[in-house]
Every structure is written in C-alpha cells, then in structure tokens.
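Knowing the structure of chain A, use the given hints to seat chain B on it.
Listed below are the residues making up each chain.
Protein chains: 2
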Amino acid sequence: MNRDVPLKKYAKKMNHSYTFGAFPTIELLKNQPEHVLKVLLHPDMNSETQLEIITDLCNRHNIPIERAAKVVEKLRDKENIFAVGVFEKYTNQLDPTADHIVLVNPSDMGNMGTIIRTSIGFGIENLAIIEPGVDVFNPKVVRASMGSLFQLNFCYFPSFEAYKEQAGNRSLYPFMLKGAVPLQELQRDTTETYSLIFGNEATGLPDSFADEGQSVVIRHTDHIDSLNLALATGIGIYEFTK
Amino acid sequence: MNRDVPLKKYAKKMNHSYTFGAFPTIELLKNQPEHVLKVLLHPDMNSETQLEIITDLCNRHNIPIERAAKVVEKLRDKENIFAVGVFEKYTNQLDPTADHIVLVNPSDMGNMGTIIRTSIGFGIENLAIIEPGVDVFNPKVVRASMGSLFQLNFCYFPSFEAYKEQAGNRSLYPFMLKGAVPLQELQRDTTETYSLIFGNEATGLPDSFADEGQSVVIRHTDHIDSLNLALATGIGIYEFTK
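Top to bottom, those sequences are chains A and B. In this text, residue positions in the first sequence follow UniProt numbering: the first is 1, and each later residue adds one. In this text, residue positions in the second sequence follow UniProt numbering: the first is 1, and each later residue adds one.
Just so you know, the hints here were simulated from the structure itself, not pulled from any lab data. On a predicted model such as this, the values are computed, not experimentally measured, just so you know. In this text, a Cβ means the ideal position worked out from N, Cα and C, and glycines have one as well.
What follows is a list of derived Cβ distance ranges for each label pair:
#: 1; chain 1: B; residue 1: Asn15; chain 2: A; residue 2: Ala69; range: 41 to 49 Å
#: 2; chain 1: B; residue 1: Asn169; chain 2: A; residue 2: Met45; range: 49 to 57 Å
#: 3; chain 1: B; residue 1: Ala98; chain 2: A; residue 2: Arg3; range: 55 to 63 Å
#: 4; chain 1: B; residue 1: Asn80; chain 2: A; residue 2: Pro206; range: 19 to 27 Å
Here chain B is said to cover these stretches of chain A; the calculated rule only asks that three of the stretch's residues, wherever they fall, bring their Cβ under 8 Å from a Cβ of chain B:
#: 5; stretch: 119-127
#: 6; stretch: 145-156
#: 7; stretch: 212-224
#: 8; stretch: 230-237
In isolation and in its complexed conformation, chain A is listed as follows (with noise of 0.2 Å):
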C-alpha cells in the first residue's frame, strides 16, 4: 500500500479520494479502515472528543496521523475543516439477496449523498448506479452523505441490462410520473426482494421503464412539475421499508 500520494485537489482520475471535516473521517475510519492512507490534522482543531476517537482508530489500525497545516488549507473547500481522511478508492459488489435502489444516470453530487444517507438510515444497503452517473468518491457526496457512503455496498453497471444480469431474482419498481400505480395506493408482497429505481434529475426515467416490473408514481398535486430526486427516493424507500 502506498501512503504517499500526490496529496492534490480532488480530480475523478485520482486513485485516492478525501473527507472533510471530523465527522465522515471517523465514520470512514470506522467502516472502511483498511482503505485509509493516512489522517491530516490542521493544529487549529480544537474538539478534544472527536481528536481522540480519531487517533483511536488510527493506533488501532496502524494508520499514520500528520500534522499538515498547510496541506490541509490547500485541500479543504470550507475554512472549518480541520481534518482530511486520505483514502484509495475502492469497488465492490451488490449483495443479489438484498433490496437494492437503482440510479439511472443521476448526475447532482448532492442528491447523491443524500440518497446514500437515507437508504443506509432505512437499512437498504446496496445501490446500483447505470452509467453515466455522479462518481461517488467525489469529497461533495460524501459529505452529503455524512460519511454513511462508506457504509454503502455501490456498484457501476454499463446499461440496466448489464444490471439486471447481475441483480439476482427480484421485483422491479421503476419510479416515474407515467408510473401505472400511485405509491400511496401500491399493494405488494412485503416478503420480496426489490429494486427500486429512479431516473435522472432533469429527465426522470426513460419510457421504456415502464415495461420493467411494476411502476409507480409518487402522487402529487399538478402545482410543481416533479419532486427532488432525493426526495422522491426518500418518499420510495420510506415507504417500502415501513
């Protein structure tokens, strides 16, 4: 393993990636130990509590701590940040026995970590990702995830037949505004395995999801055009994990 990597603004060709702030770097030092490079710390830090989980965890795991001032200014995007995870990226698989949520092209950072976050708080663990789509080691989601991105088993597929290959026996819920059954009145067998899948920001999903499984619409009034993104597939999970 190497440690010493060109320690440059992020960039999606970089092998390694960041977290910012306290927060996601314990929660990345917790779930992904194995994969972290080294700790930066700025000497402006200044919460003892959080200081000490994190050097905990690096004793624990033989990760080095730095002192880099100076580093972490040139990294950081927000002046309080005081501590940088260093990570190298990494891959790996769906669980095809689990409930999975499916990403059709999403391209904001933000709803991506936002999504992350609340599937990991419903317990559903696994998402797909059908290229192109945000990459998920970029700093920005993972704060939008809280950290909780490392938590999450993601996979990038290159069309949703490759997925669907790959997904293991399950139902299919394909969200979009033609959807055939309004979430608020869907019946189903609580006993399955399911995907649930979104389309992009601007486009929603293709028509042609409308063959795929049982597709629902998450009803609202005709004031707005849609619902945010990560709203929708909060309002998706929400309801299919209650």
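Only chain B this time, still in chain A's reference frame:
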C-alpha cells in the same frame, strides 16, 4: 411602484430580489405578477417557447422587459442564466384553517427551497418560520424551490408562542429524534387540521417541544445520526397527506 431599483447583487436588506432562469421567472409572473418590477433578458436566450411565455405574461400585466446583457451577467451566479425576474418583496398571512409546516430556525437555503417545493407538491401551502431563519427571498431558496415559493403563504414569527397565538385551532406534531410515536405507526384523525413542526438542521427541536401536541419520530436505523431536514420534512408531508 418604483421599477427603477438599483440592480445590485442580492443582499437580505434589499427590498427586492431576483429569479434566475426562465423557469422560476415564469412561475413568478404566473403567481405574483403584481410584485414584478421588470424582467431582464440576455440576448443569448435561445428558448423560443419560454421567451414567448415570458413576453405574453409581461404584456398581459404591463411589466417592462429589458434587453440587458451586462446586468444579467453581473447578477447571475451561473453562466446558463439568460432571464432574470426583478420583484419587490411581499408579505402574506397564513390561513388559520389550513394545514401548516412550521420550521424552527432553519439555516440551509437549499433545504428551505426543497421543502417549499415538496410542500406545494403535496398541497400544503402555508409555511411558518420561527426566527432566526433563512431568508426565503434569497435567490438560492427561490431556485431550490423551482419557483414554487410564489405559490406559498409564508410568515415569520419571533417565537413559537407567537405562532401559536395566530395559528388557529389545530393539532401539533413536532418531529424529533425523541418523538413519542414512530411516524410509521401513527394513528390519527385524518379530518383534523394540523401543523408539522421541524427543528434546525444541526440541533433539531428543543426538548420542550415534546410537550407540544403529539411528538413524532421517523424511525430509522442507528447507522446514521439523523435524516437530512428536507428529507424528514418531505417524508412527514407525504405520510400526512396520503
């Protein structure tokens, strides 16, 4: 009506604000035409349909349209903005017979806009904000609301007590991590008028709210600390309007 306000970057103390982009500008013109001072258009605007709708609405309400490339470039915060609505701020009152959302000390503009959009989407059109709280007229809130702000009755109150004095007879549902009943199991009289109450992003509602009506918790796993505020609010609204 003085239409010649100084066209400076938005600041809270100003008596006017802006919509950035054709979509929220059309929502402004449709819903609050009496408060629109003017519309500024950039010559690079290339959507004929949107141009036609804007021109039509402005003509109908005698609202001036100005070609103003430099001013639009100065005001806008994204390069793809070609239409700017300039409007005077207004106040309105809550409907005491309708359901309300109450946000206690909300601090994030994106969340505020998303909450407004979701609320309008599910037919709750009255929002109380307990001060201090985000400025709803900030263009970032307007954008996150996708212009649905202009369909909303909203009112600021110095305290929750002040809100209750004017809110009319209703059931109160504070949402808090220590809530007595999970939303997933809540039984209630669906003919009642209600207020759904949510706290600040970082701190939630003060414990004292447990004594205000029926406190509710959105049950989630202990893998996350809490849900994002806009998500929690959206899930609450979805469940109550189902």
